[in-house]
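Chain residues, written in single-letter form:
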Amino acid sequence: MWLRALRLENFRNYESLELELAQGLNFFSGPNGSGKTSILEGVSYLAVARSLRGSNDGEVGRWGEGGFGVGGDVVTGERSSTVVLRFSKAAGKEVTVDGEPLAKLSDLVGVLRVAWFCPEDTWITKGQPAARRKLIDLTLCQLDPAYLSSLTGYRRTLRQRNEALLTWTPDEESDRIVEVWTERLVEYGSAVVAKRLEFVPRFSDAVSQYQSFVAAGDTLSLRYRSSVPLGDDATGAEGRSLEQDDVAEKYREALESRSEDERRRGFTLVGPHRDDLDVRLNGRVLRTFGSQGQHRTAAIALKLGEAAVLDSDGQGVVVLLDDILSELDDERAGALIDLVGGHGQALMTSTRPMAGAAAEDAAGFVVEAGKVERQ
Amino acid sequence: MASLPPSLERLIGLLSRLPGIGRKSATRIALRLLDSSEAESRELARSIVEACEKTIRCSTCGGLTEEDPCGICTDVRRDRGLICVVERSSDILALERTGRYRGRYHVLGGLLSPLDGVGPENLRIDTLVERARAGELSEIILALNPTAEGEATSLYIAKLVTPAGVRVTRLASGLPVGGDLDLADELTLGTALEERRDL
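Just so you know, the protein sequences line up as chains A and B, in that order. In terms of our numbering, the first sequence opens at residue 1 and continues consecutively. In terms of our numbering, the second sequence opens at residue 1001 and continues consecutively.
Hints were generated in silico from the structure; no laboratory data involved. Do not take every clue at face value.
Far from chain B, by Cβ distances over 12 Å, these chain A residues were calculated [said to hold, decoys possible]:
(1) Ala22
(2) Lys134
(3) Arg284
(4) Gln294
Simulated crosslink set (SDA-like; lysine to any residue; CA at most 25 Å straight-line) [what the hints assert, rightly or not]:
(5) A:Lys104 / B:Leu1171
(6) B:Lys1159 / B:Ser1173
(7) B:Lys1159 / A:Arg156
(8) A:Lys93 / B:Ala1026
(9) A:Lys104 / B:Arg1170
(10) A:Lys104 / A:Glu94
(11) A:Lys93 / B:Leu1115
(12) A:Lys104 / A:Asp144
(13) B:Lys1054 / B:Gly1071
Selected chain B positions facing chain A (Cβ under 8 Å, derived; list incomplete) [said to hold, decoys possible]:
(14) Gly1022
(15) Pro1114
(16) Glu1151
(17) Ala1152
(18) Lys1159
(19) Glu1186
(20) Leu1187
All values reported here derive from a predicted model rather than from experimental measurement. Each residue gets a CB set at the ideal place from its N, CA and C atoms; glycine is no exception.
Just chain A, same shape as in the assembly (with noise of 0.2 Å):
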């Protein structure tokens, strides 16, 4: 799948802006704050109906107006179909495929899939869990409905639960209020840990296959780490993967023996949303050791592998990369060109002009305070 076109209405900096994208790399360059970034920001509105920018829907519209629209043409093999997204303050947000509502925005789970990178990215190994947590969830949430579904469940009786924690009285009423909201948190987190444990070897080996560009001899490997105690066999890479019932079992266990540790505190002290990805260098732990380079190196590689393995069905994924062209030196940035190159569509922003082997090849884009020229 690649994006043949993209629309902006309303859109950051953007009043209205239609742009039509080569099918391998597209290049933006332009000075800071011109909106480049915006143009990524334009397409993850397409693949997950929110801002991989971190950025909140009501941030995103052009100041003054009420709201916003993105729309694209996908092609996925010969087949086009036209996603529109329109949000506004009112409405909130409403997808459309080919003129069809989308029922739920869940349903948009595969229409289009992005990776996207940036120089914060680099950090990602050294950094808290959240951001490692949140490189899984971002990756499975493209590929896997069922598990958005359970995500968003989670995350929903996760603060449900913390707040009849918060405000649980020593009496019969307020622990069955916490009871029901601990079986509801076991049936959406163990659903989500099932299916990250089965995730996880899978990236692991596609993050390895990049290792090469790591550094020559180097082995970079994956583990998830869970806060819920679920026996040895259950987090290696090369080991099973436990079934969401093992889970479950384990979990309702876990949060079992915290119960009054929990109840004392006011919040939920095990699940998914406390879990780890320990990422390896030679079998350590790169978060505790790894020197900066090596925190580099190895981000580069766990997005690539994030890309792989969007791409593993063969679908094709659009790659969005965020300046990253200032936290690489030249040779290392032509390679990850070639690399993300394999699976098809890269849009990629730099404050530098295009240059190198890849420039020959690629669609060049100038963007100047809200204007795109294509060169």
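Fit chain B to the given chain A structure using the hints.
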């Protein structure tokens, strides 16, 4: 923009508070009302007041009615052993339209949601438990939305009424009737597969 007469402005303001009506629609409705005859506007105003005054909640099921208990609760042809639990009284209309259900109802008036400060005491759960304990019931059908709050509320009710010896069931989720299998989204199809049944 020229300002509207204050009385008209007030009407538009009130209309636009109604669900599904924005300021544009409210203005269109208000202008249309101005065009109608005085008798027509009085009739409309009177029927709004009348509906608000006469409509009450059935003390048994919580549904909307002018007489207490309501027509459904007093209908002798309906199965007294069967209660369908719904979130809102509008859900009764949806179930009645199916023409398949011949039991009675129970309206909760919401769903459990600690975040919104809604606990069992804010819902009509105690009266449901009373109905379950009264001994006439054989089955309670939970027809709540399959959301986090709906599922938690169903579970809570099941915990309370199962000890009374009442069978508790919930609506199935699965394929839309008359739909194409390959058009169903993966989530719906997956649930339908999990909840398959013997032929």
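To see whether the hints hold, each was checked on the structure:
1. The Cβ of A:Ala22 sits about 31 Å from the closest Cβ of chain B, beyond the 12 Å cut-off, so the non-interface label holds.
2. A:Lys134, annotated as away from the interface, keeps every beta carbon of chain B farther than 12 Å; the closest lies near 21 Å.
3. Against the 12 Å criterion, A:Arg284 stays outside the reach of chain B, whose nearest CB is about 39 Å from its own CB.
4. The claim that A:Gln294 lies off the interface holds: its Cβ sits roughly 39 Å from the closest Cβ of chain B, which is beyond the 12 Å cut-off.
5. Proposed proximity of A:Lys104 and B:Leu1171 is supported: the alpha carbons are some 20 Å apart, at most 25 Å.
6. Of the supplied pair hints, the one linking B:Lys1159 and B:Ser1173 holds, its CA atoms being roughly 21 Å apart against a limit of 25 Å.
7. Among the hinted pairs, B:Lys1159 with A:Arg156 is consistent with the structure: their alpha-carbon atoms are about 22 Å apart, no more than 25 Å.
8. At roughly 22 Å between alpha-carbon atoms, A:Lys93 and B:Ala1026 fall within 25 Å of each other, so this suggested pair holds.
9. For the hint pairing A:Lys104 with B:Arg1170, the CA-to-CA distance comes to about 23 Å; that is within 25 Å, so the pair holds.
10. Using a Cα cut-off of 25 Å, the hinted pair A:Lys104 and A:Glu94 holds, with the two alpha carbons roughly 9 Å apart.
11. Restraint check for A:Lys93 and B:Leu1115: the C-alpha separation of about 23 Å stays at or below 25 Å, so the hint holds.
12. Of the pairs offered as hints, the one joining A:Lys104 and A:Asp144 holds, with about 15 Å between alpha carbons and a cut-off of 25 Å not exceeded.
13. About 15 Å separates the Cα atoms of B:Lys1054 and B:Gly1071, which keeps this hinted pair within 25 Å; it holds.
14. At its closest, the beta carbon of B:Gly1022 sits 6 Å from a beta carbon of chain A; the interface hint therefore holds under the 8 Å criterion.
15. Taken as an interface hint, B:Pro1114 checks out: its beta carbon lies about 4 Å from the nearest beta carbon of chain A, inside 8 Å.
16. A distance limit of 8 Å between C-beta atoms decides the matter here; for B:Glu1151 the minimum to chain A is near 6 Å, and the interface restraint holds.
17. Annotation: B:Ala1152 was flagged as interfacial toward chain A, and the flag holds, the nearest CB pair being 5 Å apart, inside 8 Å.
18. Interface hint status for B:Lys1159: upheld, as the beta-carbon distance to the closest one in chain A is roughly 6 Å, under 8 Å.
19. Given the 8 Å rule on beta carbons, the hint for B:Glu1186 holds: about 5 Å separates it from the nearest Cβ of chain A.
20. Interface hint at B:Leu1187: satisfied, since its Cβ lies 5 Å from the closest Cβ of chain A, which is below the 8 Å cut-off.
The structure agrees with every numbered hint stated previously.
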